[in-house]
Amino acid sequence: MIETAPLGPHVAFWIGPVPISVAVVSTWAIMAVLTVGAWLATRNLAVHPEKRQAAVEVLVCGIAGQIRDALNRDPAPYLPLAGTLFIFLVVANTSAQIPLFNAPTARIETTGALALVVFASVHYFGVRQIGWKDHLATYLKPTPILLPLNLLSELTRTVSLMVRLFGNIMSHELVLAVVVALAGLFVPLPIMALGLLVALVQAYIFSVLAIIFIGAAIGAVKGH
Amino acid sequence: MTIEMLSLLGAAIAVSFGAIGPALAEGRAVAAAMDAIARQPESAGTLARTLFVGLAMIETMAIYCLVISLLLLYANPFVQ
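Each protein sequence line maps, in turn, to chains A and B. Under the working numbering, read the first sequence as residues 1 to 224, first letter to last. Under the working numbering, read the second sequence as residues 1 to 80, first letter to last.
If you're looking for bench data, these hints aren't it; they were derived computationally from the structure. Note that CB positions come from ideal geometry on N, CA and C, so glycine has one too. There's no promise every hint is true.
[As the list claims (entries may be wrong)] Covered stretches of chain A (in silico footprint by chain B; criterion: 3 or more residues with CB under 8 angstroms from a CB of chain B, positions within the stretch not fixed):
(1) 42-52
(2) 194-204
[To be verified] Far from chain A, by Cβ distances over 10 angstroms, these chain B residues were calculated:
(3) E26
(4) R28
(5) I37
(6) V53
(7) A56
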């Protein structure tokens, strides 16, 4: 039985007048796990790494390599944002497989917030790199007649980021619920395996698109 | 034809027609990727990554239709 409507409110508890939804509590749990994990992974760093540090280095250097491939420049200023987006999304999307855990990215509020973060960071990095006058002038390129189209494309690519991630994760959970209701307990196993693949791919897509949008704003990537 | 019936119809039509285009396009994308990998097996990694990114872009169109149909079913403003 589908517990709650995909788009309706799902409140866990109230702090005074403010409802705290289940997705927010899940996000807090994931934040706690990632923070503790990151602290544990980066204690006592050595120049010649042993296994734990080497595994973390593979992850960080992999993400940095992706940014360097996309932007053709030093990835250091963009690594915290892109790396956090990727790691948080991988954990949040795959957390749907944990029993009794609601994936936060199956709610449009979470993905909307992440898309807003990407939107704000595009403008932040653009202004920091080329100054706010030049950054605003990019909306008048190639011709000022295209200004409404440029603004519209800015809006639609943010909305599409939000809807893509939300639609993929939420529809996967919905399909699982329907198949379990119709066909029994072990039938959804291949669908759950597909869900793991979709989770990783969508996390990668979101992060790569964020990097490409930032690259377009700083002039490292031909405009989209 | 009540508004509920029309919403159900709309939801069904949205997903059924909305899945045709992306499915055809994804088939063509995978076929092109197969061609490219067969021609140059050593760049299979790059090709596979680009394929997945492209597939996610195409899939987005189907997801838009899915979201509309879910809105019609679960968050319909015209139905109590």
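Do the hints match the structure? See the list:
Evaluation of the coverage hint for the stretch 42-52 of chain A: breached, as 0 residues show C-beta separations to chain B shorter than 8 angstroms, against a requirement of three. Given a C-beta distance limit of less than 8 angstroms, the hint that chain B covers the stretch 194-204 of chain A holds, as 3 residues qualify and 3 suffice. Here E26 of chain B stays apart from chain A, with its beta-carbon at least about 13 angstroms from theirs, past the 10 angstroms limit. No Cβ of chain A approaches the Cβ of R28 of chain B within 10 angstroms, the least distance being about 19 angstroms, so the stated non-interface status holds.
Non-interface status of I37 of chain B relative to chain A is upheld: no Cβ of that chain comes within 10 angstroms, the nearest being about 18 angstroms off. The claim that V53 of chain B is not at the interface with chain A is violated, since a C-beta of that chain comes within 10 angstroms of its own (minimum 6 angstroms). Its beta-carbon lying about 4 angstroms from the closest one in chain A, A56 of chain B breaks the requirement of being farther than 10 angstroms from that chain.
The structure fails hints 1, 6 and 7 (numbered hints given earlier, in ascending order).
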